[in-house]
Amino acid sequence: MSAPHLSGIVAMLKNARPEWSPAAIKSALMTTADVTHPDGTLIIDETTGRPNCFAMGAGLVNPTRALDPGLVYNLAPADYIPYVCGLGYEENFVKDIIAQPMMNVSCATVRKIEGKDLNYPSIMVTLTPAVPEVVVRRTVTNIGDPLSLYTADVVTPKGVAVEVVPNVLGFRVMLRRSDFTVKLTRGPDAAANGTAEGSLRWVSRATANTPSVVRSPFCSIHYLITNYRIDSCELSLDIFCME
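In case it helps, the numbering used here puts the sequence shown at residues 1 to 243.
Hints in this document: simulated from the structure, not taken from any laboratory. Some hints could be false.
[As the list claims (entries may be wrong)] Straight-line distance between alpha carbons at most 30 Å, and here's what the computed DSS-like set of lysine-lysine pairs gives: (1) Lys95 x Lys14; (2) Lys112 x Lys95; (3) Lys95 x Lys158; (4) Lys158 x Lys183.
Just so you know, these numbers come straight off a predicted model, no measurement behind them.
All chains should be built: construct the whole structure from the sequences, respecting the hints.
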């Protein structure tokens, strides 16, 4: 029954913030979600009895905090074109997906991106012995306090080194955009197969009482075999990190 509740919360957010895009609303819901139950207990997979990002998604929606997320990972319709073109589909099929006849898209002239670089509020990568390091790009937009400073706080996945550049984002005006990269490197103590999860939090202490926290979950998938491919599943797995 989560879908009706989320639909109602989205309608509330759109009414309160009519200028927000669907991607901004989605980002606000994900980055402000609670990662534990109200009593402080962990959100677990009912089948295994263990917590993991695929069971909890981004967490439990907090509508009040979602009204003021501070930063959002925004996307316009045109931002999806480099990703769709990067999937390798034929030109006609890409145009059917985009479904905008007025937009004459040619994948031959579009800069293509991988699913990991689509500006989502969550991050999912695959690390193998052949490709032990992956760099992910993200852009955040300031919709909170005009004058604010955010510092990166990383919960590192087990066996994975994480580097955020830059690790401090400063804003002087509303709607200012800022780019950053996240480099994830598989270490010698990483699991041969399976997943490791962590999070990136942008924390601002602009207000004296409660800091503004923008949390993005990330999940790294480890495979011992070197020719494993995720391809188009990469985006759908990314969405699993959202509740």
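For each hint given before, does the structure comply? Return the numbers of the non-compliant ones in rising order. Number 3 - this is the single hint that the structure violates.
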